[in-house]
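Q: Residue numbers (the working numbering), protein chains in the order written: chain A, 1 to 282; chain B, 1 to 345; chain C, 1 to 384.
Calculated from the structure, these hints are not laboratory results.
A virtual CB, placed ideally from N, CA and C, is assigned to each residue, including glycine.
Fair warning: there could be bad hints in the mix.
A short list of chain C residues far from chain B (calculated; beta carbon distances all over 12 Å) [as the list claims (entries may be wrong)]:
id : residue
1  : 295
2  : 301
3  : 339
Pairs of lysine-lysine, DSS-like flavour, derived with a Cα cap of 27 Å [said to hold, decoys possible]:
id : chain 1 : residue 1 : chain 2 : residue 2
4  : C       : 66        : C       : 300
5  : C       : 324       : C       : 117
6  : C       : 284       : C       : 242
7  : A       : 111       : C       : 300
8  : A       : 111       : C       : 117
9  : C       : 117       : C       : 155
10 : C       : 66        : A       : 111
11 : C       : 66        : C       : 27
12 : C       : 354       : C       : 378
13 : C       : 340       : C       : 27
14 : C       : 242       : A       : 111
15 : A       : 111       : C       : 298
16 : C       : 378       : A       : 111
17 : C       : 50        : C       : 282
18 : C       : 185       : C       : 164
19 : C       : 215       : C       : 265
20 : C       : 155       : C       : 265
21 : C       : 155       : C       : 354
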Amino acid sequence: MNGVMLGSTYALLGIGLTLVFGIMRIVNFTHGEFYALGAYMAYLFVAQLGVNFFAAILLATAIGMIVGAALEFFILRRLKTTDIDSVMLLMIGLWIAMQNTEQLIWGGVAKLIPSPFAQQPLVFGPVSVSPLKVFVLVTAIVLLIAFHLLINHTRLGLAMRSTFQDRDVASLMGVNVGTIYMATFALGSGLAAVAGALLGPIFLVSPTMGDLASLKAFAIVILGGLGSTVGATIGGFVLALVEEFGSGYVSADFRDAFSFLVIVAVLILRPQGLFAPKERVG
Amino acid sequence: MTRLILSLLVVLAFVTLPFWMSDPYILGLLILAGIFIIAAISLNLLLGYTGQLSLGHVAFFGIGAYTSALLSRGFDVDLGLGLTLDVAPKPVWLSFLAGILMAALFGWFVGRLAFRVRGAYFVILTVSFAQVMRLIALNWVDLTEGPMAINNIPSFTLWLPGLGVTTLTTKAQNYWLVLAVAVIAFVLVAHIVRSRVGRALIALRENEGLARSVGIQVTHYLVLSTVVAAGIAGASGGLYTHYVRIVDPDVFMFIYTVTMIIMVVTGGKGTLTGPIVGGLLFGLMPELLRDYAGPEVQWIIYGAAIVLIVFFLPNGIVPAAARIWQRLAALGLRLVPEHLRPRLS
Amino acid sequence: MQKLRWATAAVAAVLTASAAQAQETIKIGMTQPLTGPVAASGNYVANGAKIAVDVINANGGVLGKKLELILEDNKSNPKEAVNAVEKLILRDKVPLLIGAWSSTYTLAIMPKLIEYKVPLIVETSSSGKITTSGNPWVFRISPTSEMEAKAFLAKYDSFQPSIKKIDFLSVNNDWGRGSAEEFSKYLKTKGVEIGSVQFMTPDATDLSAQLTAIKQSGGDTLFITTGVEQMTLALKQAAELKLPQRIITTGGSFPDQLIANPGPKEMSSYHLLFFSPWFPDKAKYPDIAKVYVDEWTKRKLEFPGLTEGFRGYDAVLTAVEAIKIAGKAEPEALREALWKTRLPAVNGDIAFIKEGPAGAESGQNQPNIYIVLLNQGKVTMPLP
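Next comes chain A alone, as it looks inside the complex (with noise of 0.2 Å):
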């Protein structure tokens, strides 16, 4: 049950990593304090504001699209560069100034966001938890099933799947490549905020919650092939297993191990991840 409910939130930040690399070819440092950026404005309008949680959860989501629109709109597409080291490193540079802008204005000090739930855990049988996980799975799931909807049923969706093939040919049938550039990096931040506003109650907001969101959103993309976003959903549901299973039945000391070994086991079998077709190799 634990296991699901990492899982579907794994699956969020997955999405959110692979879209940016399969359509923007970039190696993303930001999204984890993007997912940051969602636990501490839930944090600001839950407890600092008074605002209803699940507003609040909302908003944060949107300001997560807001910034990150932003962020593609007045730097990314105004680089001269493509060069992926190049980009990545700015990326880099933006993660460093947006991890200590949050200490600076929250200090580092880790927060907790109250929720509306009751404490008490719900008791099934042998099994106990707490009923703000199962509104998280629940909203997860939600989520994963429109972005499912959202890529495969609408204009947009088959405007971003398109210059995910081919960015030229997309631009040349008529596609606005800026404007994809702008949605899929708002969808992208979107997805990894409103992970982070979900995760926020359940774990702790500090500031340097986005790095291991990141290592994990890294990990999850290279299980289910890169740019595949329906790869990234299964990885993040396997690799959240994994690591329940790993360190239940064999030692918890060695927890984040097992997802690196799953990772090179997969890279020395089938290089281009459990679930992308052979040609998307990067």
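Starting from the known structure of chain A, arrange chains B and C on it as the hints suggest.
A: For chains B and C alone, coordinates are given in the frame of chain A:
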């Protein structure tokens, strides 16, 4: 010719630096910056010349650091089945060389494994490798003392002509040692880049398919450059461990790889002097900022500086400076009467 | 090259400027993790030290001069810890250092103490290696895990029902491992059985696997040793899993977030602290503790930070006492004075006993512990 004189002057300035800048604090900063510049030089060989991004480069740095630390202190480790490996302390210079070899060996292994895949997958595989190394350092407590750290690591000793084996204690001595290793690393990388191997690597970076079709043994050259890069990174780890004199699993911290990437890419990847310029800038800048801003603001400025460099100098500082230099030179030439202009060959 | 020259010239200019204007004060250098993963605690300790300096200066300073605290960030990183102390020693010429929070950072700066002959007051680090590796410039006021375990043993009989079988959930570093080892060792002397011993990486957020294993061990008491953030997570998740064990946390941190946001009603936990800000009266020297608590609240700092901030406060008090005894602010004189230093402080009495190889002993203080109970956002001190 002028190039040669200029580079000799630069080297001379660095060599004589302890005489005209005897402040031990600045020497200390240059030593630590220099250690990371050596690592950045090795990363540049991979990133700048083969186009392969090793996001786990710190693994080789850490392997060099741990190998050298363990051998110089001696260790005994239970190998299971009643076997124990008991190693007596070795001289530091020997441990240091062993650290380089061990890192190079891992470089060969990772190269063989990783170059079955390319690009982004190479990135992730190297990240995972560094993570696995960190976890080994953390959990194989019997050998590495895990998070309890290995401390009291001896300072560097070196056999010097006329003096025999001496311990390097002063800042200036350590500075010269780091400088010497940096020069060797620089010359080695320069030599490789300008040789047949280097041309093959560049051909490969530009167009792998074409390089393959004209008969370049792609994997062979990639593995070779990984081995050299790993060895140099191992040397930098060895210098670190005998200078800081403590090593713990934090040497595998991702931020160290990030530091190396910042040095290489801001300086100008694929240029020989790029890592040095970027390294001096980003190695010294945090220290210069200490007096002027709060701790978080220092980091924000650091991040903003990176963003600005990518924004305005997308290819890095060295290529931009070279362009300005060329323009100035052209301008200067125009001011000289035509019959006095040197002939450009 | 030109660029480098300018940079070095600029550095040199700053150097001369700062050396010229620094005559009227007595300086103490401090390095703490002010940014990075452990920044929260580093800032608490730094705030405690700043308050102590203000209090001392408000009372006329020391040796007729103002005390000046120079604080440098070690960026949660041993390499930067080295840079920070070299700056403090070589540029600011401080005669005495306080630092560096984590054992790793402290171990990284220890060779520099021998190189430049400057004493260090260690305020937080708990690793045994710090005082046993033959560094005569180290004076530690914080307790080792062994001392904590020994002090806990004295309160063993106050727990009802009594402790029979214990489990551990510890962060996987020198501190967590050391704590599990020492508490097992000392509690075994009371015939206590050891159940499940679980470790977690410092950045782990989901601890359900470890806690599930602990739930099944059949122990009656769980010791948790980790930083305050992970401790809060562990307590929340333990309550969710309905862990039957009584929980005791070690190391002196307090999960302050659980006061405003209490968990389920059965959730309660004991915390082993070195200062309990709710009950300054129970401190050995209530007057000193009250000044510290008042000044902290006056500055509107987070109340629970008091449980860690006292480390910085006591370190500065110790430094000042040593300066008074030495009569001058010179490193060698201060080192000798620290051996003679005895003072009342927030935690209790501070005095150093010798530890480590003969001839190169380090100083170690024997601190006091306090145990509080947190239940539904209320803090009490139920044990005698």
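Q: Each hint should be assessed against the structure and marked as holding or not.
A: Hint check:
1. 295: Label holds. Min Cβ-Cβ 21 Å, cutoff 12 Å.
2. 301: Given a closest Cβ separation of 16 Å, the condition holds.
3. 339: 23 Å, holds
4. C:66 to C:300: Since the Cα atoms of residue 66 (chain C) and residue 300 (chain C) sit roughly 24 Å apart, the hinted pair holds (cutoff 27 Å).
5. C:324 to C:117: 20 Å, holds
6. C:284 to C:242: 37 Å, violated
7. A:111 to C:300: The hint holds at about 17 Å.
8. A:111 to C:117: 41 Å, violated
9. C:117 to C:155: 40 Å, violated
10. C:66 to A:111: Not satisfied, since the Cα-Cα distance of roughly 37 Å exceeds 27 Å.
11. C:66 to C:27: Given that 27 Å is the threshold and the Cα spacing comes to 9 Å, the pair holds.
12. C:354 to C:378: Outside the cut-off at roughly 40 Å; violated.
13. C:340 to C:27: 21 Å, holds
14. C:242 to A:111: Distance ~23 Å between residue 242 (chain C) and residue 111 (chain A) Cα, so the pair holds.
15. A:111 to C:298: Holds: residue 111 (chain A) and residue 298 (chain C) sit about 22 Å apart, inside 27 Å.
16. C:378 to A:111: Within the cut-off at roughly 19 Å; holds.
17. C:50 to C:282: Holds, at about 24 Å.
18. C:185 to C:164: The given pair, whose Cα atoms are some 14 Å apart, holds under the 27 Å limit.
19. C:215 to C:265: 19 Å, holds
20. C:155 to C:265: Distance ~26 Å between residue 155 (chain C) and residue 265 (chain C) Cα, so the pair holds.
21. C:155 to C:354: Holds. Residue 155 (chain C) to residue 354 (chain C) sits at ~26 Å (cutoff 27 Å).
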